[in-house]
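Q: For reference, the chains in residue letters:
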Amino acid sequence: MFDFLPFLLTGFANLLNPQTMALAAVACVGGLIIGALPGLTATMGLALLTTMTLHMNSNDAILILICTYVMAIYGGSRSAILLNIPGTPSSAATALDGYVLARQGRAGEAMGLATIGSVLGTLVGILLLAVITPPLGEFALSFGAFEFFWLALAGVMLSGNLAGTDPVKGWIAGILGLLVAMIGQEPAYGYPRFAFGVPELTGGIQLLPAMVGAFGFAEVLYVLRSKANASITDASDRIIPRMRDIIALRWTAVRSGVLGTFIGLLPGVGEDIGAWASYAVAKRFSKTPEKFGRGSTEGLMAAETGNNAAVPGALIPVLTLGIPGSGVAAVLMAALIIHGAQPGPLMMTTNPQMIYDIIAMLTVATLGILVFGLSLTRLMILVLKVKDTWLMPVVAVLCLVGPYAIQSSYFDIWVVVFFGVVGFGLRLMNYPMAPLVLGIVLGTILDSNLRRSVTLANGDFSAFFTRPISAFLCAIVVAMILAQVGPVRRLVGRGWSAIRGARP
Amino acid sequence: MQDQTTSRADLWSGLFWIVLGAAITVHSAGMPVPRNLGATTMTGPGFLPMLLGGALALMGLTLAVRALRAPRTDAPETAEPVSNGRAFLALVLMVAYAAALATRQPFVPSTVLFVTVFVTLFNWQGQDPGRRIRTVLGALAMAAACAFAIEFVFEQLFFVRLP
Numbered sequence: 001m002f003d004f005l006p007f008l009l010t011g012f013a014n015l016l017n018p019q020t021m022a023l024a025a026v027a028c029v030g031g032l033i034i035g036a037l038p039g040l041t042a043t044m045g046l047a048l049l050t051t052m053t054l055h056m057n058s059n060d061a062i063l064i065l066i067c068t069y070v071m072a073i074y075g076g077s078r079s080a081i082l083l084n085i086p087g088t089p090s091s092a093a094t095a096l097d098g099y100v101l102a103r104q105g106r107a108g109e110a111m112g113l114a115t116i117g118s119v120l121g122t123l124v125g126i127l128l129l130a131v132i133t134p135p136l137g138e139f140a141l142s143f144g145a146f147e148f149f150w151l152a153l154a155g156v157m158l159s160g161n162l163a164g165t166d167p168v169k170g171w172i173a174g175i176l177g178l179l180v181a182m183i184g185q186e187p188a189y190g191y192p193r194f195a196f197g198v199p200e201l202t203g204g205i206q207l208l209p210a211m212v213g214a215f216g217f218a219e220v221l222y223v224l225r226s227k228a229n230a231s232i233t234d235a236s237d238r239i240i241p242r243m244r245d246i247i248a249l250r251w252t253a254v255r256s257g258v259l260g261t262f263i264g265l266l267p268g269v270g271e272d273i274g275a276w277a278s279y280a281v282a283k284r285f286s287k288t289p290e291k292f293g294r295g296s297t298e299g300l301m302a303a304e305t306g307n308n309a310a311v312p313g314a315l316i317p318v319l320t321l322g323i324p325g326s327g328v329a330a331v332l333m334a335a336l337i338i339h340g341a342q343p344g345p346l347m348m349t350t351n352p353q354m355i356y357d358i359i360a361m362l363t364v365a366t367l368g369i370l371v372f373g374l375s376l377t378r379l380m381i382l383v384l385k386v387k388d389t390w391l392m393p394v395v396a397v398l399c400l401v402g403p404y405a406i407q408s409s410y411f412d413i414w415v416v417v418f419f420g421v422v423g424f425g426l427r428l429m430n431y432p433m434a435p436l437v438l439g440i441v442l443g444t445i446l447d448s449n450l451r452r453s454v455t456l457a458n459g460d461f462s463a464f465f466t467r468p469i470s471a472f473l474c475a476i477v478v479a480m481i482l483a484q485v486g487p488v489r490r491l492v493g494r495g496w497s498a499i500r501g502a503r504p
Numbered sequence: 505m506q507d508q509t510t511s512r513a514d515l516w517s518g519l520f521w522i523v524l525g526a527a528i529t530v531h532s533a534g535m536p537v538p539r540n541l542g543a544t545t546m547t548g549p550g551f552l553p554m555l556l557g558g559a560l561a562l563m564g565l566t567l568a569v570r571a572l573r574a575p576r577t578d579a580p581e582t583a584e585p586v587s588n589g590r591a592f593l594a595l596v597l598m599v600a601y602a603a604a605l606a607t608r609q610p611f612v613p614s615t616v617l618f619v620t621v622f623v624t625l626f627n628w629q630g631q632d633p634g635r636r637i638r639t640v641l642g643a644l645a646m647a648a649a650c651a652f653a654i655e656f657v658f659e660q661l662f663f664v665r666l667p
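Protein chains in written order, with the numbering used here: chain A, 1 to 504; chain B, 505 to 667.
Rather than coming from a laboratory, the hints here were simulated on the basis of the structure. Incorrect hints may have been included.
Unchecked claim - So these bits of chain B aren't anywhere near chain A, every CB distance computed over 10 Å:
(1) 533
(2) 535
(3) 613
(4) 634
(5) 636
(6) 637
(7) 638
(8) 640
(9) 641
(10) 644
(11) 646
(12) 656
As the list claims (entries may be wrong) - To spell it out: a stretch of chain A is covered by chain B in this simulated footprint if at least three of its residues, at any positions, have a beta carbon under 8 Å from a beta carbon of chain B; those stretches are:
(13) 43-55
(14) 174-188
(15) 214-222
(16) 395-403
What the hints assert, rightly or not - Which stretches of chain B does chain A cover? Using the computed rule of at least three CB atoms under 8 Å from a CB of chain A, they are:
(17) 512-518
(18) 617-630
Note that the Cβ used here is the ideal one computed from N, Cα and C, for glycine as well.
Build out the structure end to end from the sequences listed, making use of the hints.
A: What follows is the structure, given as structure tokens:
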């Protein structure tokens, strides 16, 4: 029962030296700034930092990335409350009530509650991560090629379905990602697909330059396109929250934490949906739903708990299945692979220490939220006054230099530019970016497992649909497609209203 | 207005995906199947790209048909003022800088030039001459500091040679 304790203690012991703690503290402050600055999103920050920590010792690099990840998702609440601009997309729900509270002169209280919400959310998420990961990892060992094929397909489709406003566009983005993964020599027979005789394309498109392009380079263009000049709200009231306020919101926090974690767990559906879903559910359960959007502390708490709980949640499928739970987690997974940790079902058997190291790192990052979130109020207000036009050229330099530095490849600079321009164009037309990245990550898994399954099936393809887990995943995929077909949707809608109408 | 431009964009992008998807399908179908190594049509290199190309064309068709049939879309209204000119200016500067790096121009001078020009151009309009001079000098100082800092971090700490 307690055989995980030595691993967990080792995980914490590895972190408890002054140098590592200093590194964690710097990463936490950096993450807070990245999250708070609109225009520097968590995904972009993590992709850039991965390129910059590549040459560090792997445990330090992963610690930096995890602290940055957690703090960036939390840091988004700062600009959401003070500027009404989500600093990172997952804080959009926070702005609804946070900014209203700030306008009412309760900015300090709102920031304090957002901090406590994020801490509680991350803690619930960590607890569930620790409980769910070992059995899920064990369960995933029974997955074969058929299951991984469906899982990769369902992952990309689920992300396409939920990440944006339009599933068709989400799926197009996902398919484009999968096609990008097809470029280069394929692993089975070494045939260079879509290389057209270009030697650099034969090696395939590297994940990080593509991500830095789609999330960094494109983001710079997107930020400069808007001329919004937000004014910062005054925040002079007390920031340390009162105990009785927190106790009054305890059930909201626990509910949003659990919900956020499970939404994070879904492939490619992460922090932003976690926040929105928690917000919607909190509104439904609330005794005062009319206050939501008019400065409800409950709504603020739900959104902030939900998005931070999704962080450990999104790491669960990374550690057990090798499938990222969100766009940011996809970047973190790429970093884990580069640093030699192989995320996937074998991790629980080959490298269980890594899982507990990550739990320890997440705990340290939670401490970071509490300490820096409540203490660096003045500094953050200064940071938020930095102008986009001064910050963005520096980000652009890092976007181009970072990916180059991975392999000293001049070709990768063009990969960044290409994905930046395409990503910017797609964003303007409302195509979501998360499915694209998930497609690039899962393309190889989809391809190799499809071939393995076909070989194993040996002409009898019933195994794709009759193995229990395959059948379940296949049903999800079919349901997602049918839900987009007009007549089917109307039929289901009519049936549903008939059932509801039958009930009193 | 917004609605119509979105559905027109959907129509044209849908048509583009159909063409791209069809091209990918045709190209993938032509990929050789190494039967001497035991491959079949379904395990050959072209099979999955062919399916994906087909799926892309199908999705493009759905998008285009939907855009034709329903001129109204659920595009979110953008309330904040946007300027494509600013994005285009940034794009030109960034591509020029990328080209400089990719053609192995020295890192520090190109970076200083890029950052200074970038900041100056985006902070030029509506400023009096005194402010402009201060902007240029400030930008130059920040550009130099950032170029040397990045070079130091990459070359001295990570041992990566920058261009």
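Q: Taking the hints in turn, state whether each one holds.
A: Hint by hint, here is what the structure shows:
no.	hint	verdict
1	533	12 Å, holds
2	535	6 Å, violated
3	613	13 Å, holds
4	634	18 Å, holds
5	636	14 Å, holds
6	637	16 Å, holds
7	638	13 Å, holds
8	640	13 Å, holds
9	641	13 Å, holds
10	644	12 Å, holds
11	646	7 Å, violated
12	656	12 Å, holds
13	43-55	holds (count 3)
14	174-188	holds (count 7)
15	214-222	holds (count 4)
16	395-403	holds (count 5)
17	512-518	holds (count 3)
18	617-630	holds (count 6)
Checked against the numbered hints listed earlier, the structure breaks hints 2, 11; every other hint is satisfied.
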